[in-house]
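Student: Residue-level listing of the chains:
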Amino acid sequence: AQSVTQPDIHITVSEGASLELRCNYSYGATPYLFWYVQSPGQGLQLLLKYFSGDTLVQGIKGFEAEFKRSQSSFNLRKPSVHWSDAAEYFCAVEYGNKLVFGAGTILRVKS
Amino acid sequence: NAGVTQTPKFQVLKTGQSMTLQCAQDMNHNSMYWYRQDPGMGLRLIYYSASEGTTDKGEVPNGYNVSRLNKREFSLRLESAAPSQTSVYFCASKDEGRGDTQYFGPGTRLTVL
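Residue numbers (the numbering used here), protein chains in the order written: chain A, 4 to 114; chain B, 6 to 118.
Check the hints yourself; a few may be wrong.
What the hints assert, rightly or not - Just a sample of chain A residues kept apart from chain B, beta carbon distances all over 10 Å, derived: (1) Ala20; (2) Gln45; (3) Gln48; (4) Ser73.
As the list claims (entries may be wrong) - Ranges of calculated distance between the beta carbons of each label pair, as one might list FRET restraints: (5) Asp100(B) / Arg80(A): 23 to 31 Å; (6) Ser87(A) / Lys14(B): 19 to 27 Å; (7) Ile12(A) / Lys62(B): 36 to 44 Å; (8) Ala32(A) / Arg114(B): 32 to 40 Å; (9) Thr10(B) / Ala32(A): 28 to 36 Å; (10) Arg80(A) / Arg114(B): 26 to 34 Å; (11) Thr15(A) / Gly8(B): 39 to 47 Å; (12) Glu57(B) / Ser87(A): 32 to 40 Å; (13) Glu18(A) / Pro44(B): 23 to 31 Å; (14) Asn70(B) / Glu18(A): 15 to 23 Å.
Don't read these hints as lab results, they were simulated from the structure. In this text, a Cβ means the ideal position worked out from N, Cα and C, and glycines have one as well.
Make the full structure from the sequences, and use the hints.
Tutor: Here it is in structure tokens:
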């Protein structure tokens, strides 16, 4: 069955430091993969998505993600974190016309 | 262009009461979704509607009903609320192509006492 695992429930990084959020998926065919961000008290906003082509995809707010089929991973990265990046991040895989979400990773940014 | 709107933003119910959560989108999308979000569990799909006039169960449909009133509106009804339904509810919509983005509403925070 399709599933998404985000191994880290919480991550704390210093402002200006680099960030990597992990995502592993289980899906039989070529996956369509998404990263969403949720600021406190808000809905979800799409950061980026992958479905074909270049395995390194660029998104909004300076985020990027790399698709690695051999590792069934789609990790999100940012070279330099800003305090405004503090939020919860969700990885998702499309199945049929639906999304299956991971449990989310809460990012805390310390100054 | 408001995107996806939800009403109400907050609601407190007593066990056994009923209520309907409203969702509307102005992007002319065919597909609409209802999710619930609980701490540590991500978003779980309750029901979805691939097009006007059709609805299907998602992962956690028990205790809920839905109505796709027209292409714009998709409502979620709790007939007899239970404390286990305390959650944040999100509505989303997307076009029908594979890989199309789902757009989310701001959510409804529901507490059942």
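Student: Each hint should be assessed against the structure and marked as holding or not.
Tutor: Status of each hint after checking the structure:
1. Ala20: 25 Å, holds
2. Gln45: Given a closest Cβ separation of 6 Å, the condition is violated.
3. Gln48: The claim breaks: Gln48(A) does not keep its Cβ more than 10 Å from every Cβ of chain B (closest is about 8 Å).
4. Ser73: Ser73(A) clear of chain B: closest Cβ-Cβ about 22 Å, beyond 10 Å.
5. Asp100(B) / Arg80(A): 23 to 31 Å: 28 Å Cβ-Cβ, so the 23 to 31 Å window holds.
6. Ser87(A) / Lys14(B): 19 to 27 Å: Holds, since Ser87(A) and Lys14(B) (Cβ atoms, about 23 Å apart) stay within the stated range.
7. Ile12(A) / Lys62(B): 36 to 44 Å: 28 Å Cβ-Cβ, so the 36 to 44 Å window is violated.
8. Ala32(A) / Arg114(B): 32 to 40 Å: 36 Å, holds
9. Thr10(B) / Ala32(A): 28 to 36 Å: Holds: the Cβ-Cβ distance is about 34 Å, inside 28 to 36 Å.
10. Arg80(A) / Arg114(B): 26 to 34 Å: 32 Å, holds
11. Thr15(A) / Gly8(B): 39 to 47 Å: 32 Å Cβ-Cβ, so the 39 to 47 Å window is violated.
12. Glu57(B) / Ser87(A): 32 to 40 Å: With Cβ atoms ~39 Å apart, the hint holds.
13. Glu18(A) / Pro44(B): 23 to 31 Å: 26 Å, holds
14. Asn70(B) / Glu18(A): 15 to 23 Å: 46 Å Cβ-Cβ, so the 15 to 23 Å window is violated.
Comparing the model with each earlier hint shows violations of hints 2, 3, 7, 11 and 14; every other hint is respected.
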